[in-house]
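Given the coordinates of chain C, work out where chain A should sit on it, guided by the hints.
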Amino acid sequence: MDVSNILASHAAKFQSVTVEKETPLDVDTGLLTVTDLTPIDEDSYKSNLEEYLQITARDGIQALVAALYGLPTQPSPDGPLAQLPAPTTQLPRAKPLPKLKPPTKWERFAAAKGIQKRVREKKVWDEERQEWVNRWGKDGKNKEKEEQWIHEVKADAPVDHDPVKAARDARTSRVAKNERQRLQNNARAQTAAGDREERKKDIERTLATTRISTASMGRFDNKLDGEKKLRGVKRKFEAAETSVEQEKQASLAVLSKLDGDVKRARKEKGAGDDVLNVRKAIRNVSKGKGGVALAREANRKGAKSKRGGKR
Amino acid sequence: MRPLTEDESKAVFTKLANYIGKNLIHLIDRKDEPYCFRLHKDRVYYVSESSMRMSISVARPNFVSVGTCFGKFSKSGKFKLHVTALDHIAQYAKYKVWIKSNGEMPFLYGNHVVKAHLGRITEDTPEHQGVVVFSMSDVPLGFGVTARSTVDTRKLDPTAIIVFHQADVGEYLRDEVSS
Numbered sequence: 001m002d003v004s005n006i007l008a009s010h011a012a013k014f015q016s017v018t019v020e021k022e023t024p025l026d027v028d029t030g031l032l033t034v035t036d037l038t039p040i041d042e043d044s045y046k047s048n049l050e051e052y053l054q055i056t057a058r059d060g061i062q063a064l065v066a067a068l069y070g071l072p073t074q075p076s077p078d079g080p081l082a083q084l085p086a087p088t089t090q091l092p093r094a095k096p097l098p099k100l101k102p103p104t105k106w107e108r109f110a111a112a113k114g115i116q117k118r119v120r121e122k123k124v125w126d127e128e129r130q131e132w133v134n135r136w137g138k139d140g141k142n143k144e145k146e147e148q149w150i151h152e153v154k155a156d157a158p159v160d161h162d163p164v165k166a167a168r169d170a171r172t173s174r175v176a177k178n179e180r181q182r183l184q185n186n187a188r189a190q191t192a193a194g195d196r197e198e199r200k201k202d203i204e205r206t207l208a209t210t211r212i213s214t215a216s217m218g219r220f221d222n223k224l225d226g227e228k229k230l231r232g233v234k235r236k237f238e239a240a241e242t243s244v245e246q247e248k249q250a251s252l253a254v255l256s257k258l259d260g261d262v263k264r265a266r267k268e269k270g271a272g273d274d275v276l277n278v279r280k281a282i283r284n285v286s287k288g289k290g291g292v293a294l295a296r297e298a299n300r301k302g303a304k305s306k307r308g309g310k311r
Numbered sequence: 312m313r314p315l316t317e318d319e320s321k322a323v324f325t326k327l328a329n330y331i332g333k334n335l336i337h338l339i340d341r342k343d344e345p346y347c348f349r350l351h352k353d354r355v356y357y358v359s360e361s362s363m364r365m366s367i368s369v370a371r372p373n374f375v376s377v378g379t380c381f382g383k384f385s386k387s388g389k390f391k392l393h394v395t396a397l398d399h400i401a402q403y404a405k406y407k408v409w410i411k412s413n414g415e416m417p418f419l420y421g422n423h424v425v426k427a428h429l430g431r432i433t434e435d436t437p438e439h440q441g442v443v444v445f446s447m448s449d450v451p452l453g454f455g456v457t458a459r460s461t462v463d464t465r466k467l468d469p470t471a472i473i474v475f476h477q478a479d480v481g482e483y484l485r486d487e488v489s490s
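Line order of the protein sequences matches chains C and A.
Going by this note's numbering, 77 is the number at position 77 of the first sequence; the sequence numbering is gapless.
Position in the second sequence (from 1) plus 311 gives the number in this note's numbering.
Just chain A, same shape as in the assembly:
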């Protein structure tokens, strides 16, 4: 476990800023308790200072996880957000998409959000913008990237993809490690 280097933090922050924009400051500069980012086996963890200090005493081979896993670095150095980061992202999300109840299951099975399932969307969402997907009862379901801007979605047919799927809470079941 180690702190991120400058390049790594840059990669993580740009990815996060795509979803929560300037609210990223609230993740770094928290009022309640100091939090920090830690890297362990290519995975980035968002940890409170107290747990970080406690976890230091664990040897690296025995160390599995601490805090919230935000994502992992690929071998080529790109950062990929994981669904585990959803809670923090949803809290500060800048652009949101709400999907109807009939669209929840398809999304939770890893499909893209089509226009027919679109309940609401933040006004003026640009194209290729990271958005958090909510159910109509404001439960965060996952996140993705918009395929079209809000204005362009009006003219589309119902089967057109609005949000490209990136991660959803269904992964907790689908990608569960069988042990």
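For reference, chain C alone in the conformation it holds in the complex:
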């Protein structure tokens, strides 16, 4: 029986499972991504866009599904699950690169001297206990001196010499020194970023504010070592003996400014500045007839006198 005919017709009904492309598809099963690097066929893209996109998408999906079936599977109640490998596509980072920390004083010195950074192991071998112990921290080796049960004391040591306390003080002072250096490094890193003078001024202002921020305005506070006297803004006066002419000008300037204020105030009130009440004076002189009548009368009088002069 020849089934090739049937097979051919069946094959014609379904498209090929294998995808053949000139440039092979780039399948990243880790991200479930397929990248088609084949250049776009312009003719088919322009003639029938929808069909072209569908064919390209089908090819991609076909390649992805085929790749997924090739992965190792794991049985589960919902059916076999494919185990995805790690993604191979490199994604760009979302955030910018972190800024480099400004080097500490030691790091700068080491770089200048060419000293290589050497990481010290956290654990050190303890001969007595025959085990690895912390260099510092819990049961640290650096506390060995102050925790031992017997101490060697020099012959000329003072009577009140406490070797435990001495060892402990030495260690705590080292810790304090380190902390101080850390703070200095932090401050240095900050000043590198901002203006040093501005920072200094800022600190001084803050200090001045804190010093007067007590209930007694800082009057009864304990003085610290090396604390400077708090100084406010000093008033500046002109010299007692200046040019009087200059002083007069300044006074007149103040006066004119004052006058402006007074004038403005008077204007609002609507009264004249002088003692002479002009309105009242006019009424008095014109015998209640008003300013216009007074002017008319004055004109007539002037004309009369002119005529008189001609005669």
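Honestly, I wouldn't trust all of these hints.
[Stated by the list, open to error] So the derived list for chain C, only partly shown, Cβ under 7 Å to chain A, looks like this:
id : residue
1  : V124
2  : E128
3  : F237
4  : E238
5  : A240
6  : E241
7  : V244
8  : K248
9  : Q249
10 : L255
11 : L258
12 : N277
By construction, these hints were calculated from the structure, which means they are not laboratory data.
We put the CB at the ideal spot given by N, CA and C, even for glycine.
Only chain A this time, still in chain C's reference frame:
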């Protein structure tokens, strides 16, 4: 002793202008001799230039007074005129009040001027205006502030206060420092 700052001169001038108005220019810009204002221990002195220059050589703790004391600054920065400024104010006063001889003594004892004692008053004096008080023989006795305007005084009864007392020449005796 030092010159006044701008704020201080403003305070002094506004107070003076209340009594002498624009005549204040004549105090600053004098024809005869340049005068200036000086501050010493919160007191304002009106000094001629020559005495000011001479007084500079006196140390501040030893320095008592120079020229005419015009008034003093209170601790809150307000300026108060003293009776010592009366001569200069009376000379240029804009508004004046003359009191009858029977009212002189009450005023010189630091009382307000009542209407019964009022002899004359400058016409059109507004309310709350600085005025200089004169005796009927034109002797300046002190200064004060009007309680009412001239027009309003007409309707008042004789015991009503016309001028609020601020300073009078009686202070020379009353407030004398006993030493």
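Hint-by-hint comparison with the structure:
Against a cut-off of 7 Å between C-beta atoms, the interface hint on V124/C is violated, since the closest Cβ of chain A lies about 73 Å away. The beta carbon of E128/C comes no nearer than 79 Å to any beta carbon in chain A, farther than 7 Å, and the hint placing it at the interface is violated. The closest approach between the C-beta of F237/C and any C-beta of chain A is roughly 5 Å, which is under the 7 Å cut-off, so the hint is satisfied. With its C-beta approaching chain A no nearer than about 5 Å, E238/C sits inside the 7 Å limit, and its interface hint holds.
The interface hint given for A240/C is met, as the beta carbon of that residue sits about 5 Å from the closest beta carbon of chain A, less than 7 Å. The interface hint given for E241/C holds, since its Cβ lies 5 Å from the closest Cβ of chain A, which is under the 7 Å cut-off. Proximity of V244/C to chain A holds as hinted, the smallest CB-CB distance being about 4 Å (cut-off 7 Å). A distance limit of 7 Å between C-beta atoms decides the matter here; for K248/C the minimum to chain A is near 6 Å, and the interface restraint holds.
The restraint placing Q249/C at the interface with chain A is violated, with a minimum CB-CB distance near 10 Å, outside the 7 Å limit. For L255/C, the interface hint holds, the least distance from its beta-carbon to any beta-carbon of chain A being 6 Å, beneath 7 Å. Annotation: interface hint on L258/C holds; nearest CB of chain A at approximately 6 Å, less than 7 Å. The beta carbon of N277/C comes within 5 Å of a beta carbon in chain A, closer than 7 Å, and the hint placing it at the interface holds.
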